[in-house]
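Chemist: Sequence lines, in order, name chains Y and G.
Numbering of the first sequence is given in this note's numbering, commencing with residue 1 and proceeding in unit increments.
Numbering of the second sequence is given in this note's numbering, commencing with residue 1 and proceeding in unit increments.
Check before you lean on any hint, since a few could be wrong.
Straight-line alpha carbon distances no greater than 25 Å define the calculated SDA-like cross-link-like pairs of lysine to any residue that follow [as the list claims (entries may be wrong)]:
| no. | chain 1 | residue 1 | chain 2 | residue 2 |
| --- | --- | --- | --- | --- |
| 1 | Y | Lys77 | G | Ser43 |
| 2 | G | Lys41 | Y | Thr24 |
| 3 | Y | Lys106 | G | Glu87 |
| 4 | Y | Lys106 | G | Lys14 |
| 5 | Y | Lys49 | Y | Val83 |
| 6 | G | Lys20 | G | Lys64 |
| 7 | G | Lys41 | Y | Asn30 |
No lab work stands behind these hints, which were simulated from the structure alone.
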Amino acid sequence: AQSVAQPEDQVNVAEGNPLTVKCTYSVSGNPYLFWYVQYPNRGLQFLLKYITGDNLVKGSYGFEAEFNKSQTSFHLKKPSALVSDSALYFCAVSLNQAGTALIFGKGTTLSVSS
Amino acid sequence: GAVVSQHPSRVICKSGTSVKIECRSLDFQATTMFWYRQFPKKSLMLMATSNEGSKATYEQGVEKDKFLINHASLTLSTLTVTSAHPEDSSFYICSARGQGMNTEAFFGQGTRLTVV
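Using the sequences and the accompanying hints, generate a full structural model.
Modeler: In C-alpha cells form, the structure reads like this:
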C-alpha cells in the first residue's frame with residue numbers, strides 16, 4: 001500500500017538559514033510525489049511535484065525537493081528561509097490509478113525565527 | 001494553477017441542524033472531487049471521493065448517512081453534514097484533481113465548522 005512518512009512534527013530554523021523538511025514514501029510502481037503548504041485556516045497550496053526526469057525539482061516560492069529513489073525520500077528544501085515560510089507542510093503521494101485522491105503525510109510545522 | 005472555490009469559509013450551527021458546504025471547480029471540469037477532514041494540527045483525513053453523476057465512495061469509518069455528498073455537475077460537489085453534533089466541529093477541505101496520475105490536486109479554501 002502507498003504511504004508517506006514525515007518523521008518530524010516540527011522543524012525550527014533561523015531566517016536566512018537553509019531548511020529541510022523530510023519525507024519518505026512507500027509506493028508500488030513509479031512514485032508521483034507532491035509537496036503542499038498550508039497556512040492557518042486555509043486550504044492547501046501546491047508547491048511542487050516529481051513525476052519523472054531530474055531528481056531535483058524546483059517549485060514555488062524558492063522551494064525545491066530532491067527525489068532519491070534508493071532512499072525512497074523526497075525532502076523539501078530551501079537555501080534561505082524566510083519568516084513568511086512558517087507554515088504547515090505536507091508531503092503526498094499519488095496512487096498509481098487515475099482519478100484517485102492523494103495520500104498525505106501527517107504534516108510538518110515549519111517555524112522560521114527572525 | 002486551477003481554482004477550486006469552497007463556500008462558506010466559516011459556519012456556526014446548532015446541534016441537530018444540517019449544514020451544506022459547496023465546492024466548485026472554477027476553470028476546469030472535475031469528474032472527481034475529494035472531501036477531507038482536518039483536525040487541529042493534524043493531517044488530512046480523506047472522507048470520501050465524490051464522483052460526478054454517481055454515488056460517492058466513502059472511506060472506512062465515515063458515516064455516509066451523516067455526511068451526504070452530491071456531485072451533480074462537473075463543477076460542483078456538495079457535502080452536507082446532517083444532524084450535526086459538536087464532535088463534527090472541524091475543518092473540512094475539498095479537492096479536485098485532473099484525471100492523470102501525475103496531476104496535482106487543487107484545494108478549496110476550507111470550511112471551519114463549529115457546532116454549538
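Chemist: Would you mind confirming whether the straight-line C-alpha gap from Y:Lys106 to G:Glu87 stays at or under 25 Å?
Modeler: holds (21 Å)
Chemist: Next pair to validate is Y:Lys49 with Y:Val83; report whether the Cα-Cα distance is within 25 Å.
Modeler: holds (23 Å)
Chemist: Given the proposed pairing of G:Lys41 with Y:Thr24, does the C-alpha separation stay at or below 25 Å?
Modeler: Judged against 25 Å, a Cα distance of about 20 Å means the pair holds.
Chemist: Can the restraint linking G:Lys41 and Y:Asn30 be considered satisfied, given a maximum Cα separation of 25 Å?
Modeler: Answer violated: G:Lys41 to Y:Asn30 is near 30 Å, above 25 Å.
Chemist: Has the given pair, Y:Lys77 with G:Ser43, been kept, meaning a C-alpha gap of at most 25 Å?
Modeler: Since the Cα atoms of Y:Lys77 and G:Ser43 sit roughly 20 Å apart, the hinted pair holds (cutoff 25 Å).
Chemist: With a cut-off of 25 Å on the C-alpha distance, tell me whether G:Lys20 and G:Lys64 pass.
Modeler: holds (14 Å)
Chemist: Assess, step by step, whether the Cα of Y:Lys106 is no farther than 25 Å from the Cα of G:Lys14, and give holds or violated.
Modeler: violated (31 Å)
Violated hints, listed in ascending order, are 4 and 7; each of the other numbered hints is respected by the structure.
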